[in-house]
Amino acid sequence: MSESLLRQLREIDIDEKVGSLKKPSDQNSLKEWKRSGIRFTTRSGKLEQVYYQAVRTLLDCIVPTGGAAPILHEGGIYLGCWLESTGTINAELLSRFMPSVSEATYQSFAVHQREDGMLPYKVTEHGPAYRQIQLVTPLARSVWNHYKLNAAGRPFLQTMYDAMVRYDEWLVQYRNTRGTGCVEAFSTFDTGHDLSPRFWHVPDTPHRSDATQFNPDSPILPFLAPDLTANVYCQRLYLARIAEELGLPGEQWQTKAEESLASLYRYCFDEEDHFFYDRDRNDELVRVQSDVLLRVMACEVGDRAFFDTMLKRYLLNTRKFFAKYPFTSMSMDDPRFDPFSTYNSWGGASNFLSLIRAPHAFEHHGRHVELTWVLYPILASFAKATRFAQAVSPWTGDEGFTEAYSPSILCLLDYVERLCGILPTPDGLLWFTGLVPYDVDHGEEITGETGYSRMIDGVTYELLNLQEESLLYRDGESYMRFPSGVRAVTDRYGQLKSLIGMSVREVRGTLFYEDGEYPFHLKGNQVLAFEDGRLIEKLTIGVVNPTYK
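Here our numbering is used: position 56 in the sequence shown is 216, and no number is missing along the way.
Warning: the hint list may mix true and false statements.
[Unchecked claim] Listed below are the simulated SDA-like cross-link pairs for lysine to any residue, each with C-alpha atoms no more than 25 Å apart in a straight line:
{"hint": "1", "residue 1": "K191", "residue 2": "S162"}
{"hint": "2", "residue 1": "K484", "residue 2": "F561"}
{"hint": "3", "residue 1": "K416", "residue 2": "V448"}
{"hint": "4", "residue 1": "K308", "residue 2": "G287"}
{"hint": "5", "residue 1": "K472", "residue 2": "D433"}
{"hint": "6", "residue 1": "K683", "residue 2": "H602"}
{"hint": "7", "residue 1": "K484", "residue 2": "Y598"}
{"hint": "8", "residue 1": "K182", "residue 2": "S260"}
[As the list claims (entries may be wrong)] Cβ-Cβ distance ranges computed for the label pairs, FRET-style:
{"hint": "9", "residue 1": "D651", "residue 2": "E432", "range": "44 to 50 Å"}
{"hint": "10", "residue 1": "K472", "residue 2": "D443", "range": "25 to 31 Å"}
{"hint": "11", "residue 1": "L408", "residue 2": "Q187", "range": "21 to 27 Å"}
Bear in mind the hints are in silico, worked out from the structure with no lab data behind them. From the three backbone atoms N, C-alpha and C, an ideal C-beta is built for every residue, glycine too.
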């Protein structure tokens, strides 16, 4: 059976799967995809068909804008590139598939930086726009990960560093009017939280469309915003790394990051609720529990114990954010919660931007098993999708507002790679994950067994995920075999570094690697290091289970 699946994987014709191309730039983007060697196949179900529809639609989202090089667009009704998403987390994911497009996307913001240091919040065919700030994922983290993953070069890193330094100065000058060290929100769109009750009675845009001003007649503005402050905290952590990489001192950025973190906890964290809230001009906490929490967690705030508490009380709580198709953009027990996903709303529906930001928050703390409980239902939702929407119904998994939306496209590509594919990381590792999508909806089969291939530094790897075990091939030769429910981690040369338990169950079996056989048992999230020809326990943190109240 494995031979037929392997043959099926190798016989995939990407040109045939993708079909006719619409734009001249599509051909170059498709060539870059093919150079990655990525192929995905399934034994049954609809996910393979949806997967290649996603690749085809992704090409439509890559458009020359304000320059010769094509950049990533948000897609759907959003004709352009937004800093909060397209220019950061979207491009960070795309960097694993089409790195040249990611690099051009990052650089488009530096190219259009204003003289006073402000970066545009979006770049469209009509040029850059500066009406608001719209920050979520830290740009410096995305730039750093792209640089490390693709050896992007010092000139690129220097250009982006200079631009981000100037933007940090702009934020300090114009978004710290209360002198707290927090970054202030002047409008709803500053965080991209359209229709969220978080910003009821707050204008959508800054005063007179000037990002340096807020409505002087507002009884509650400006807000000390936890997600904006956490963004700058994390931004400064990565600016320290970039500075040191460029031979510059990084201590000043580390100090500034610590100052941002202290302000975040002092003004925006409520110890009783164990939650982050905005603080209004009257020193009142805006007690709306929204996906602000997930945003702050994705900015590397807090240690594992702190994150585990957030999992128990909120992120894995079915009264809060852990809907059937997580994560909701508002806590479900809030009377203002609105589950409808048929319009652009952050008032309840599960948004794909939240879903692509979430993995970093979980993996930063080694919570790999818990993340799979998000991957499974969302991949099941994709298997029945007819378009790539901005949001998904938290109740039914049906697609919501708009179509051809690049965050949802990249969510599918990313989740497949994390659950049953081959994922290269910025720190020089390769993840080979031995799981298959699970049939959570009416027992309808999604994939059955899967095959995934990827080329790394000229070497082709092929991973077959069968019902009971996973088989890895290297340049056509059998290379590794291990029981399902395990992630094998290697360096970029394919040399085994560790095994990670990817299931809540304890996995027992034998690893076959090179000419050796290595019996093991592996608990959820446990890490076994491969050292001196032995598997040695390195980390055991257990699993955080879902909660209900």
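Hints versus structure:
This hinted pair does not check out: K191 and S162 have alpha carbons roughly 29 Å apart, beyond 25 Å. The suggested pairing of K484 with F561 holds, with an alpha-carbon distance near 19 Å, which does not exceed 25 Å. Between the alpha carbons of K416 and V448 the distance comes to roughly 28 Å, so the proposed pair goes past 25 Å and is violated. As the CA atoms of K308 and G287 are separated by approximately 30 Å, the hinted pair breaks the 25 Å bound.
The straight-line distance between the Cα atoms of K472 and D433 is roughly 12 Å, inside the 25 Å bound, and the hint therefore holds. Taking the CA atoms of K683 and H602, the gap is near 29 Å; set against the 25 Å cutoff, the hint is violated. Proposed proximity of K484 and Y598 is supported: the alpha carbons are some 14 Å apart, at most 25 Å. For the given pair, K182 sits about 20 Å from S260 by alpha-carbon distance, which is consistent with the 25 Å threshold.
As the Cβ distance of D651 to E432 is approximately 45 Å, the hint placing it in 44 to 50 Å holds. At about 29 Å, the beta-carbon gap between K472 and D443 stays in the expected band of 25 to 31 Å. Look at L408 against Q187: about 40 Å separates their beta carbons, and that is not inside 21 to 27 Å.
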